[in-house]
Amino acid sequence: MRIIYFDICAIVLTATVFAFLVSKHYTKGRTNRLIVMLAILFFCSGMLDLLDSLFGTYIARGPENVSVQWVTTSLYYIVRNATTPAFILFLYSFMGIWHKLRTDMKQKLIIFGPMAMVLVLVIINLFNGMLFYIDKNGAYTRGRYISILYGIAVIYILYVIYILIRFIKAVRNTEFMMIFSFILMNIAAVITQRVHQELRVENLALALSLFLIATAVQRPEEIIDSAVGTLSQHAFLKDMNRAYSLERPMNAIFIKLKNYSALRSNLGIEIYTMVLKRVGNKLVKMGRIINLYSDVYYNGRGVFSVITDGYESEKTQDLGRLIVAYLKESFTLSNLEIRIISKVCYARLPEDLDNYNTMINFSTSFSRTIPDIDQLIVLSNVMDSKDYMMKNDIDDIIKRGISGNKFRMYYQPIYSVKQDKFVSAEALIRLYDNEYGFVSPAIFIPAAEASGAIHDIGDFVLEDVCKFIHTGEFVNSGLEYIEINLSVTQCIEPKLVEKIRGLISKYKVRTDQINLEITETAVDYDPVITDNNIFSLWNMGFKFSLDDYGTGYSNIKRVVSLPLDIIKFDKSFVDEMDDPKMWIAIVNTVSMLKKMDKKILVEGVEDKRTLDRFIELGCDYIQGFYFSKPLNQEDFIKFVNEHNSGKAGVK
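My numbering runs 11 ahead of the 1-based position in the sequence shown.
No lab work stands behind these hints, which were simulated from the structure alone.
Think about it this way: if two alpha-carbon atoms lie no more than 30 Å apart in a straight line, the pair counts; the simulated DSS-like pairs of lysine-lysine are:
| # | residue 1 | residue 2 |
| --- | --- | --- |
| 1 | Lys519 | Lys610 |
| 2 | Lys609 | Lys506 |
| 3 | Lys432 | Lys582 |
| 4 | Lys519 | Lys554 |
| 5 | Lys293 | Lys269 |
| 6 | Lys288 | Lys269 |
| 7 | Lys582 | Lys609 |
| 8 | Lys609 | Lys429 |
| 9 | Lys410 | Lys640 |
| 10 | Lys326 | Lys111 |
| 11 | Lys554 | Lys582 |
| 12 | Lys478 | Lys410 |
| 13 | Lys649 | Lys517 |
| 14 | Lys269 | Lys326 |
| 15 | Lys619 | Lys429 |
| 16 | Lys517 | Lys554 |
Build the full structure now, drawing on both the sequences and the hints.
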């Protein structure tokens, strides 16, 4: 009598694992799909063994059952012996060595050769009973060559051990132990069932191994982003670290949803997540459309990564172009029109990004290092350009600038309409690097904000301007004050007030000699801390300007509630002043701000016609290339002295 309870337990356990994986959508990626395949094979193995046991033991034997037993037993041997090569395929995918199957024919023969032999032996067995025999009464008897199947099993087990040892650096210690337990558990089960035929424990050992793989080794809850439905950032970091350690050739498509922050704030987290899920599903489907196997990861902050095998370069670039075309099109979701602004880049790994850390850094910063063009960007085509190298090396450039004192202050004169002279200037920081030369603030300021170096840069600006104001040159020039930009991160510094108080005390600067500029972004980033800092500085006697007014969603309530002395019109007002509708908006905005007793400064004025129009409108201050570009301290003082001695004479 065969004890079938072990098979029943195996069937229930494998079915439970399968249902769990499918219900949780843990089927993304090659490795997860191979686990699902293992679950199906283990389930079928258990069912066939159960049927074989039922017809051979529990159902009355007879000639009518013999054919069924031949079929179920033959299928069982095929499926049971297919589980080990299927497990080896899982190992290849899990350990990141799948690419070796394509390049190494010996490995293919080792994996699929023995399985082909099993299939041939089972077919031959139908004619000569060399493996097993079922007599006319339904009695099962092992054949004299059944040991061949055990020999094949030994070959597979030795190969699994070889793979684990050869590529041991591709797995963690805990993963190694879990995978090795699969081998030990199944060896013990085979020996037990060989000695005691009635104990059908092999399939239970398979089921328990599957449970360990699905829950402890692969950990689907870690590798799947349940909200987006793709592989997770954790899986990306783990898979890429493993791939680089094994020098696996890959292709990568990096996708950045540039307006992800606006989408999240304007749509709300629920609809925004639906947008991400829709994009993720589309990325997966597009790979299947062009018959390209790809792993899709969501890395957070609007970044997706698509990884393919290294030999699929052309198809991967085709996929990249499909992605660009898809993301250009708007779509409707919950009755809202969704428009995505994206940047898509293709790279060869590890050729273009030669180590793991470089690749990870690129995946988070590529949207600011590669050109802003509305098409697939091939990294190898741009990475030799000076602009790319500068942007990619910007963190080190900033560090060199700070440590080597490469930052310099420039000043752009500000003209007072009422006084008909230059009364102040905006302090603007510049950086010159020995390797790259002049580095634009448009490049190093956002990078410094992202890295945190903006605090050091901000400290340099505050101190250098205070030094300048302390000099006799400033005092004798007749200038009233200097405008200093405060970045978003500076506005929320807990010790900003103490820092500024210490500097003006050190250099004996009056508070009315500094006008602090803040942006709409800074005002809204963290209103509580920002307001505390602004009002504390205002109570000390500092005045404030609101910079880049009109570039964001101007919050009139915030403009009214804050102690803002000057509102600075962004250059976009100037650029679009000939648009009749825009001019109406400008006229009414000036009127509104004047009634609120605010002074108005216009930036970006480059010609006399523009100057006259804004002067006639009643604006108080003018800044722009019409008067002067930003100048170093020496040239700025010379400019002010020359022009103010005879007045600017522009009225």
